Amino acid sequence: MDYTRFLNNTISSVKPSGIRKFFDIVNEMDDVISLSVGEPDFRTPWHVRQAGIESLKSGKTWYTPNRGYKTLRTEIADFLKRKYTLTYNPDTQILVTVGGSEALDVAIRCLANPDDEVLIHQPSFVCYEPLTAMTGAKPVVINTKAENSFRLKPYELEAAITPKSKVLILSYPNNPTGAIMEKEDLEAIAEVVKKHDLFVISDEIYSELTYGQNHVSIASLEGMSERTLVINGFSKAYAMTGWRLGYAAGPAPVLEQMTKLHQYCIMSAPTTAQWAAIEALRNGDSDIDEMRSDYEMRRRLVVGRFNEMGLTCFEPKGAFYCFPSIKSTGLSSEEFCTRLLNAKGVAVVPGDAFGECGEGHVRVSYSYSLNHLKEALKRIEEFLKEL
Amino acid sequence: MDKLLKLLSRNSEYSVSELALMLGEPEDYVRARIKKYEDDGIIKGYRALVNYEKVQDAGVTAYIELKVTPQKKSGFDEIAKRIMAFDEVESVYLMAGAYDLSIIVKGETIQEVSAFVSRKLSALDGILSTATHFILKRYKDDGVVLEDEDISDERCMNY
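Top to bottom, those sequences are chains A and B. Counting in our numbering, the first sequence runs without a single skipped number right up to 387 at its last residue. Counting in our numbering, the second sequence runs without a single skipped number right up to 1159 at its last residue.
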């Protein structure tokens, strides 16, 4: 039967992720030394897991309020205040969601009208373009450059703006490049955003994983909190990917509409996860520090070794990825990844999976033990010598 | 604990260049620091971490709790020294709690260990009582999980 006529045209026309095939091969292969996952290798800290278990034991198995528990929203407001000097009213400006992913989807759907233009810098996480397309709005891609350490430059943003531009999706610390935006970089972007009256969705899911300096949220800059929606969550900071819990914080009128949509499509984020998250926010700061310090050592090792091998790698200052250039091998990203996989059983992700401008790079996750990283790096070095 | 020492205590096979990268310190400096740890007797040596669960003739290991009479001047140190001198004894610890010394003894067979306890150890002056516990199975040694299936990575390749 031909299902085309039943299926929504837009989702059908969203191009299938080319990388899916590669993922399937990797996931079916035995003995692959992978550097390809996008989540922490740490398990959720035990006291956080215990809070989830205790909530189940005491029978907390119902829906929560649509926005999420008030206690959780209050803890989130405290966290955003003490970490990033952001001020939000837990009653009207915070929504607890099913991961940062739901927050992104709901945000884009509540902001974009058909024919609006949504500005998306790449390389970046893969969901922004398809989620924008589903609303009928037009994704406008801005290519960031390795020579700028993949930071978004004000002139690049300016060049992409048209009278239809409405929303800028900002994604730092960045997956896949590990790039961050420092305060001065954000100030320059904020100027352009204000000049052209844009609204910013700032995906800050990796905000706790920066090395050498603390994360700065664009919402903390003057005049920006009123035009910024901050999206964050528990997955990366507290190693809680499987709990599926995130949140959005921003201007009350935007949150009001988002809460309405969230109520219709989700009802409320997982109850058990919300209890665990309260514990994470109250007593989890030292867990973050420990994990960050481990990531930091791995980051130095991996980046240093790639540069030694001649795969130049700018210094990633956030997340847990590095994005070495493989141009010196003369191979395309996909060829490099396929041949590395077949020859040495090492899996890394082709850079063009995160936007065309990622071609010539591969994404390497260092969310693995040092011993695992050592072995994988040794194999990559052998592979390069045998090319 | 110092990061360098922590890294080496987990894995002594890191090369100086790897350690220098991880710590963000010059190689010469790292090399000098390792030498100082060795000279100061803080790093006492490097050896393989053996999974005795897989070694056929690994023998037996016993944990022995000892109650002893402390000496007037030397407290527990004197008797600990005498116990340490036996080749059969792997480790000796002074404990807080229900007993005084905890020692780890290795032998080829249970009979060998019992002979050691009854003839050599109990015969020492100042030993009031002994309680011997034999290890049946090792799950984790020195921070390393010994059962292979426990270290599998369930994470999927994704964005």
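Think of the hints as simulated: they come from the structure by calculation, not from any bench. Please read these numbers as outputs of a predicted model, since none were measured by experiment. The beta-carbon is built from N, C-alpha and C at its ideal position, and this holds for glycine as well. There may be inaccurate statements among the hints.
What the hints assert, rightly or not - Only part of the chain A face toward chain B is listed, based on derived beta-carbon distances under 10 Å: (1) C127; (2) G223; (3) M224; (4) Y368.
What the hints assert, rightly or not - Each computed DSS-like pair below joins lysine-lysine, with the alpha-carbon atoms no more than 27 Å apart: (5) B:K1137 <-> A:K374; (6) A:K344 <-> A:K21; (7) A:K183 <-> A:K153; (8) A:K327 <-> A:K385; (9) A:K83 <-> B:K1003; (10) B:K1035 <-> B:K1006; (11) A:K153 <-> A:K260; (12) A:K374 <-> A:K327; (13) B:K1140 <-> A:K374; (14) B:K1006 <-> A:K374; (15) A:K378 <-> B:K1006; (16) A:K194 <-> A:K166; (17) A:K374 <-> B:K1072; (18) A:K374 <-> B:K1036; (19) A:K145 <-> A:K15; (20) A:K374 <-> B:K1035; (21) A:K164 <-> A:K138; (22) B:K1120 <-> A:K374; (23) A:K378 <-> B:K1003; (24) A:K81 <-> A:K57.
Ascending list of hint numbers which this structure does not respect: Hints 2, 3, 5, 11, 17, 22 and 24 not satisfied by this model.
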